[in-house]
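Going down the list, the sequences are from chains A and B. Under the UniProt record's numbering, the residue at position 144 of the first sequence is numbered 144, and the numbers go up by one with no gaps. Under the UniProt record's numbering, the residue at position 138 of the second sequence is numbered 138, and the numbers go up by one with no gaps.
Keep in mind that a hint or two might mislead.
To give an idea of the interface, some chain B residues facing chain A are shown, with a C-beta separation under 7 Å as derived from the structure [claimed, not checked]: (1) P72; (2) E76; (3) G81; (4) M88; (5) L103; (6) A152.
For each label pair, taking beta carbons as the anchor points, the in silico distance ranges come out as [unchecked claim]: (7) A:E281 / B:A134: 15 to 23 Å; (8) B:P105 / A:A136: 41 to 49 Å; (9) B:P91 / A:R306: 47 to 55 Å; (10) B:E110 / A:I284: 21 to 29 Å.
Here are a few chain A residues that sit away from chain B, every Cβ distance over 10 Å (derived from the structure) [said to hold, decoys possible]: (11) A146; (12) E185; (13) L359.
Keep in mind the hints are simulated off the structure, nothing from the lab. Here a beta-carbon is modelled for each residue, glycine too, at the ideal position from N, C-alpha and C.
Next come the chains, spelled out residue by residue.
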Amino acid sequence: MTGEGRALRLAVLLLVMGGLVLPIAAGFGGTALAAFGHLPAIGSEGLSLEPWRQLFALPGLWTSLRLTLVTGIGSTLLALALAAGFLGATHGRLGAGARARLLAPFLAVPHAALAIGLAFLIAPSGWIARALSPWATGWDRPPDLATVNDTAGLALMLALLIKEVPFFLLVMGSALAQLPLRQTEAQGRALGYGRGVVWMKLILPQLYPLIRLPVFVTLAYALSVVDMAIILGPSNPPTLAVAITRWFSAPETRLILPASAAALLQAGIVAAAILIWLLAEALIRRIGHWWIWRGGRGVSSEPGLRLAGVAVLALMALGALAVLSLLVWSFAFRWSFPAALPESWSLRGWQGQGWRRALETTLILGLVSTLLSLTLAVAWLEGEDRGRRSRAGWAQGLIYLPLLLPQVGFLYGLNVLFLQFGLGGGLFAVIWAQMLFVFPYVMLALSDPWRALDPRALRAAAALGASPGRQFRTVKLPMLAGPLMTAAAIGFAVSVAQYLPTLFMGAGRVATLTTEAVTLSSGSDRRVVGVYALLQAALPFLAYGAAIILPALIWHDRRGMTGGGPA
Amino acid sequence: MSLDLIGVTVRPKGGAVLFPPLTLRIAAGEVTTVMGPSGVGKSTLLDAIGGHLAHGWALQGEIRLNGRDLRPLPPEARRIGVLFQDAMLFPHLSVGANLAFGLAPGIRGEARRAAVEHALAQAGLEGFANRDPATLSGGQRARAALMRAILARPQALLLDEPFSRLDAGLRGEIRAFTFDHLRAAGIPALLVTHDAGDAQAAGGALVSL
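Given these sequences and hints, build the entire structure.
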């Protein structure tokens, strides 16, 4: 082991501990103290249970709790089932490359933009109602239906599904590549089992353990989502995370202590949901073993898989139409109700100056947080390489930590802390908070391709006398240009999509496309909202596009670098 | 029981056939061996018979099992078992559940458990029902895989170099175990191998591709 490698690893560890773990822990600590009445910033000192009494006296709390659990667990469960069914119906027919190209736009589109587009689509005065009116529905004015912000949270669940199903398809698809799929299927079918039954009895049970962590990340996210729930979820009472955000942002300070208690409760709910999920897993494992032991061959599951496949395609169509509706609305001028398309077009939505400033801020935040995260991730991976060690379990856990914790649980406490040190309320604090979520995704995106780099190339370079530093600069970085740019695009997309970190850490003074779009989404002119949401959706698309095109341009004369393989 | 191949060969769609058309009959309890250099299409031939041909491959000729034309049938309806180089015990199931996986669903309750125990005993694996297949030795895995295939009551069995991963000492033993069981059960079998010793032990016809 070289001294250089050790110094690098130590530096990375200190940065991650000081920059990532410590703020989260301190944020939770601050929130927890406030939850028990200690928040000197608003003149409240000493510990008490009063905030909890206030919280449980707040109207609508129990409805909020129920909504949170139903939409969070329900959407995750349904998304998992649909993704599993779709993959069962299409694996072997749809290649990995085609699947990745199909999924990329859905992974790239930010939650808020998708939610706004979906609202434009399914609202009573939305595109679907317009396309079907009056010839099929008889409506000549928007019907009085709660298709958005419905009290059951169905619109919210639909939007979550459109984002979660593609994510599950991505992680399941790459996990599937690790299983001996062809042989398992041949063996199962030779023993008399139909294609669908083989998928459920043999392949899914082997696949699920490989995607458990992403499932928990999704579950935690769906239980804590704020931006989508503001745009599409029930409004009175809303889901718990939205209620907490409102209480924290209320002009009077009296709700801050009960909000802190609720933030702690939110963290407890995520923990409880994961626990319930684990118990359900154990139960399903038992039932599954009994079901497999009985040896039923059946072909009855095939229609179910095909139905899931059709449902997934329908979700994707909705998602695509949602983004398209942003485009149409942002250029619409006159568009009276049952008309399927605007009667006249204009650039009026684009005339304001607000979106330019928001775009600028979004770009700065995205570029800086991505660049810093990418640098830290590369330093981490290079440190692992030089130490010739694989990643310890606790280190992997550290990376996932910010993704498993509800943002609302620690961001307010973190903001209070930053304000105490005079760091709060500016771009600096927002970049820091965004990096808590950008870094993990960059790290996860980069780790596998980094490890998959052919070690013989590095050994060859070392044998030619290249120092570790020169190997890194002249072999590793160029060979990993593609994955580096993909990781950067993912990081940039994550930054663009951040709502709560920008809102809380920016203390309302940092306006990005996301915060503006969410704020405007309730009741503003659709043309203006459309502009913000469209720009928000466009940035990640451009980043992903660049990640595909740039490596192809740089390596256009190197077939081994563009996936063509040696001639 | 017999497995008949009549003028069978395979080709990639739009490409040339891999080997000259093959005609042979395998009677009950017989093991016919196919040998040939790597890449000649031995495994693809087995895929074609079992119904596992990958997308983009086409079968030529006729395959009959006990007189029944197999071509229109999906693999699960052909009643043809396969044994691979890897035993392919399913890692998420216990050894016993792996064997039960082959057993017909009509055998229930205590009879099912007894059938699995009996098969385990035949394979010298008494008391292994609850074991994790990953803890088995190569020979134990191979025997368990054979018992699983036989419990499904196949009308023919395809053997895709099932002994090649076993070391020399074990190979003879597993070979004898496999062929004895096939003969006793009267199952026609087609063996693909690189090893002339396998062909000799099989004792049936030898075809070179």
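Okay, the hints, checked on the actual structure:
Here the hint on P72 of chain B is broken, as its CB sits about 15 Å from the closest CB of chain A, past 7 Å. Taking 7 Å as the C-beta contact cut-off toward chain A, the hint placing E76 of chain B at the interface holds, the least distance being around 5 Å. The restraint placing G81 of chain B at the interface with chain A holds, with a minimum CB-CB distance near 5 Å, inside the 7 Å limit. The beta carbon of M88 of chain B is positioned within 7 Å of a beta carbon in chain A (closest approach about 5 Å), and the interface hint is therefore held.
Here the hint on L103 of chain B is kept, as its CB sits about 5 Å from the closest CB of chain A, short of 7 Å. Look at A152 of chain B: its Cβ gets to within about 5 Å of chain A, closer than 7 Å, so that hint holds up. Checking the proposed 15 to 23 Å range against E281 of chain A and A134 of chain B shows it holds: the Cβ atoms sit about 21 Å from each other. At about 47 Å, the CB distance of P105 of chain B to A136 of chain A agrees with the hint of 41 to 49 Å.
Take P91 of chain B and R306 of chain A: their Cβ atoms lie about 28 Å apart, and the range 47 to 55 Å is violated. As the Cβ distance of E110 of chain B to I284 of chain A is approximately 26 Å, the hint placing it in 21 to 29 Å holds. For A146 of chain A, the shortest C-beta to C-beta distance to chain B comes to about 44 Å, beyond the 10 Å cut-off, and the non-interface label holds. Its beta-carbon lying about 8 Å from the closest one in chain B, E185 of chain A breaks the requirement of being farther than 10 Å from that chain.
Listed as a non-interface residue, L359 of chain A keeps its Cβ farther than 10 Å from every Cβ of chain B; the least gap is roughly 46 Å.
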